[in-house]
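**Q** Here is how the chains run, residue by residue.
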Amino acid sequence: MDTPALDTPAAGVARLAPEGELGIYTVAALREAWLQALATHEALEIDLGRIDEIDTAGLQLMLMAKRSVGRSVRFVNHSAAVLRLLDLARLGGALGDPLLEDAAPATQEAR
Amino acid sequence: MDLSQALATFLDESRELLAQMEEILLRAETAALPTDELHALFRCAHTIKGSAGLFGLDAVVHFTHAVESVLDRMRNGELELSDALINLLLESQDHIASLVAAVAAELPPPEFEGAPLRARLEAFCATTPATPAALPATVAGGDPVVCSATEAAPALEVGGSVALGAEHWHLSLRFAPEVLRNGMDPLAFIHYLRTLGELVHVETIADTLPELAAGDPENCYLGFEIALRSTAPRAEIEAVFEFVQDSARIVLVPPAARVEEYLALIEALDEDPRRLGEILVTCGSVTARELEAALAAQHVQAEAPRVGELLVEHAGVPAQVVQAALGKQKAAEERRASETRSVKVPADRLDALIDQVGELVIAGAATQLQAQQAGSRALQETAANLLRLVEDVRDAALRLRMTPIGEVFNRFPRVVRDLARELGKDIELVIRGAEAELDKSMVEKIGDPLMHLVRNALDHGIESPERRAAAGKPARGRVELRAFHESGSIVIEVADDGGGLDARRILAKAVERGLVAADAVLSEAEIHRLVLAPGFSTAAELTSLSGRGVGMDVVKSSVDALRGTLDIHSAPGCGTTMRLCLPLTLAIIDGFQVGVAGATFILPLDAVVECIELPADAGAAGYLDLRGQVLPFLRLRALFALEGAPPPRQNVVVVRFGGRQAGIAVDHLLGECQAVIKPLGPLFERVAGIAGSTILGSGEVALILDVPQLVQRAIAHEGRDTGGAPRARFLAA
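Residue numbers (the UniProt record's numbering), protein chains in the order written: chain X, 1 to 111; chain C, 1 to 733.
No wet-lab data here; the hints were simulated from the structure. This structure is a prediction, so every number in the text was calculated from the model and none was measured. Even for Gly, the Cβ is constructed at its ideal location relative to N, Cα and C. Everything hinted at is true.
Footprint (simulated), chain X over chain C, 3 or more residues, beta carbon under 8 angstroms:
hint	region
1	173 to 185
2	198 to 209
3	220 to 232
Which chain C residues face chain X? A few, computed with CB under 8 angstroms, are given here:
hint	residue
4	Ile190
5	His191
6	Leu212
7	Ala213
8	Gly215
9	Pro217
Residues from chain X shown here face chain C by an in silico Cβ test under 10 angstroms; the list is partial:
hint	residue
10	Arg31
11	Leu63
12	Arg84
Turn these sequences into a full structure, and let the hints guide you.
**A** Listed below in structure tokens is the structure:
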């Protein structure tokens, strides 16, 4: 599992772009990485463009991240797999940030 | 899902849990219980209460609640487990069992014992009076059971019956924390629901979801409320969740349900009812006005106060909810672990399978016979191969019905404990070989005879502590239950280390009762067998337990009915052993064919030791010299009065039973075969020496010989020829 931390300390926003699976086998490691990033940053932006598999555990992790007290976590560049699941769970509103917030600093629009 | 099916599951589960409680409590008598067993004890009561609540079995819920409160104090270390308390808990466990039995029999609960027991239980937890009003919250925290909202709360059928217009199914899903780790993906199930219809709405319930830093992402915190427009039947929708049903609470509300069903759904979930109400509205299952009106109506209705109470009381009690969830999770885990190891199959399906296999065996034998007659090598080889496979299938099929004898033995620790107390004796029960297996149908039938033997051993076998002390024996008596396999049979022994049978008294009593002539000369073993005669009792005083002069003969006849035998070994001062020998199965055996006067007979192969030639100088019956050993034998031709002259050279099949051997003289030895045992008609079933019949490959009928009877008969003959004195009749045909 590769979770490169792309530090941008000036803006206080950490950017992560996990790859591959966002699911039961990876959530524990991803949670560690996200918590680490949040320990030193005010905000976390997670690029989901390279997630090609997601399950209930992954979705739940996204929801948990959103609940981080005193921190802001946003998801950008949702991959097709992620969008499909958000659509199924009707969570586009809660987790599909760029679809609602046009002021998103994401580099890409969601596909 | 059918209510009766869910109820059957509840009954099964309750019986298992009660047995577990009993086992733990009995162990508590000899050694202090470790903490995990105290917890297990509590969980048993808790699970029974929770499940009973789901079925609205108030009597069970209320009584079990009192037990649970005591157990709760025990596991918290507030209450010492004293002898008196163990007794009380055992009695309470019995009472729960009788309540559950009443449910099974559809009878009203036997309340008379309940009240005093409850009062005694409550005395143990004076600080926590069991108020029924406090119950519903914990009831809802019961085990996850798949059932519809209507089934869960049949009490809510009264009044206020507003039919709602929703045209879709409403599904409420809550998962146990471990489902994700167990490889199940709730959203995948929901995705699959799309194949059954249209997902009108999905609401993800994340109310208990912790924040990132606080939660374990591998636990499932999510629940779902789903509106599904589908024409699929209930069973089909339920089947989608088949794999998670043990670790999830799944409630289905059908289209156009009445508002009570939604209220029951709200009640069944440990969540804020207002929030759930809103979700139902969001899903379009209920309109806001309908819900409001229904809740108001329920609130003023005296008949169904539970929902109202819940609404008032239930808003926000997370601590309790969390605790209930933890208990639930653990119980579900344990249950799944035991469930994955076994499958429940209705007994009649197994019987049908065995019947079919029996026919297969006969057909296979016929094929082999044809192949032999046709003389084709290739065909013979194929037929032999086929027959071998059929045999394997037969063995496997028979094994399916095999159950460990321990199932019967398990009830005895409690029986022995209670009886020993009643009799004022100190008795230890030792169980060996509980894993020995026998046919399920035998297991069911052997319980009562065994019970009688054990009671006898306790009551008559073991002496009073004073007499034991006088005889220099340890004060603590010992009764042993043993089971093991021996040559195709299962042997079950009930042994005590008591005074043994008093041969003189038995004989005197038998003479007095006219069972034997006053001048009869009987061997020790024959005298012992007299206790099996109808109307015999040796105990000087009658007790309530056994020894009213009925019993041993009943035991004997029920053992006979199972084609078994009952032997008595007794040594004065050292104890008595009752030895039951039963066939493993009543269905199919490996047989050895013999021919006499053109007819074919079958001996169970397991009983055959060897075959020898009948010496020309042997008498009509009596004994042979087998390598220096005396071998009693009998002639089948004479026994069954078969006509025709014997061939010049006859054979003797040496058979063995119960440690004794005997010879059976026959005309021809015909070799091995498989025999599917067919019962004899009522006309023939009491014919001595015949155990059953079977159909041979050629289509002929052959009789199966009853080796135990033949062996005993041969031995009796031997005695008669040498002793010449009048004997007690052996065959009571």
